[in-house]
Amino acid sequence: MKIRHRAAVVAAVAGIAVTGAIPALAGPALAGPALAGPALATTGAGTPKPAAGTATVFSADGTLAALSGLRLSLTGDNGRTAVTVDPKAAVTLDGNTAKLVALPLGARVKLSGNTTDGVSVATRVDASSVRPFVAAGSVSGVDLEDKTVSVTPLLGSDRTARSYPVAPAASITLDGRKVALSALPAGAHIVVLGSVIGCQVYSAKSLTALSRWDLKLSGTVSAVDAAKGVVTVDADGAAVKLDVAPNATIKVNGARATLAGLPIGAAVNLTGTGSTRGSVVSGITAKVKI
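Under mature numbering (1 follows the signal peptide of the UniProt record, and there is no 0), read the sequence shown as residues -26 to -1, 1 to 264, first letter to last.
It should be emphasised that the hints constitute simulated quantities derived from the structure, not laboratory data.
Misleading hints may appear alongside valid ones.
What follows is a set of in silico ranges between Cβ atoms, one per label pair, in the way DEER data are often shown [as the list claims (entries may be wrong)]:
hint : residue 1 : residue 2 : range
1    : Ala234    : Gly50     : 51 to 59 Å
2    : Gly115    : Asp68     : 16 to 24 Å
3    : Ala76     : Val153    : 34 to 42 Å
The list that follows gives simulated cross-link-like pairs (lysine-lysine, DSSO-like), each with its CA atoms no further than 27 Å apart [claimed, not checked]:
hint : residue 1 : residue 2
4    : Lys202    : Lys190
5    : Lys215    : Lys190
6    : Lys202    : Lys179
7    : Lys84     : Lys190
No experiment lies behind these values; they were computed from the predicted model shown.
Don't be surprised by glycine CBs; every beta carbon is placed ideally from N, CA and C.
Hey, can you work out the whole structure from these sequences and the hints?
Right under this line is the structure:
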């Protein structure tokens, strides 16, 4: 079950592309002379493998999770990676020469170096303390004194609201018009772009909100109140209660039906209009196994 209108918020809100929203942090290229070594030995099966003592080039990138002496750990798409850093390794932080001990936890790190007999040693470490972030959801609150906006995620199982400090020069729009932070209404769908330093210091630099949006929802019917014109749909692990327009088009297995005739447990696709004042369903397409 999937809430498609929620996922569409990220793309629909002003067509923001996350990539390139915050300039990439440039650093020295991770390059070095090619390492020559002895000829490869061959296994009995004919599969070549490096002879003992042969060095190969490696590279890795991720978020700095731990640093102790010359050992550091990165977390990334492939899990956690521990690497030893050469005492003479070139180290940069935000493009400037730095000491390894100065790298903050949470920094984005790129490594390059050599692997010999299964042991990797980094000879270059390039770190960026400032990383881009994006958050999408609905506005759950605005604090004008602290200059923060609270966003409740619309996707995933964790619907905990999170507050983001808003930069003084942040760009804020509502339905395509520039507005003040105070004008953002509760319930508006919003995409927040900004930067984060280390693990904790967030700064929202672009806030794009909609007070009205297309509703597209898929799930399973869990309750129907025909008298009140309300349908409840289980979608993405949440029970969503929606008003159904009196003239809504309802079909069950391709045949016209009434709201009262909508079976519990039916798989449904709903369309309509959502807004900060509530959502109204104008179309229901249901399928029931016969």
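Cross-check of the supplied hints:
1. Between Ala234 and Gly50 the Cβ separation comes to about 53 Å, which falls inside the hinted range of 51 to 59 Å.
2. At about 33 Å, the CB distance of Gly115 to Asp68 disagrees with the hint of 16 to 24 Å.
3. Between Ala76 and Val153 the Cβ separation comes to about 40 Å, which falls inside the hinted range of 34 to 42 Å.
4. The suggested pairing of Lys202 with Lys190 holds, with an alpha-carbon distance near 21 Å, which does not exceed 27 Å.
5. Taking the CA atoms of Lys215 and Lys190, the gap is near 14 Å; set against the 27 Å cutoff, the hint holds.
6. For a cut-off of 27 Å, the pair hint linking Lys202 to Lys179 is broken: about 43 Å separates their Cα positions.
7. Proposed proximity of Lys84 and Lys190 is contradicted: the alpha carbons are some 41 Å apart, above 27 Å.
The structure fails hints 2, 6 and 7 (numbered hints given earlier, in ascending order).
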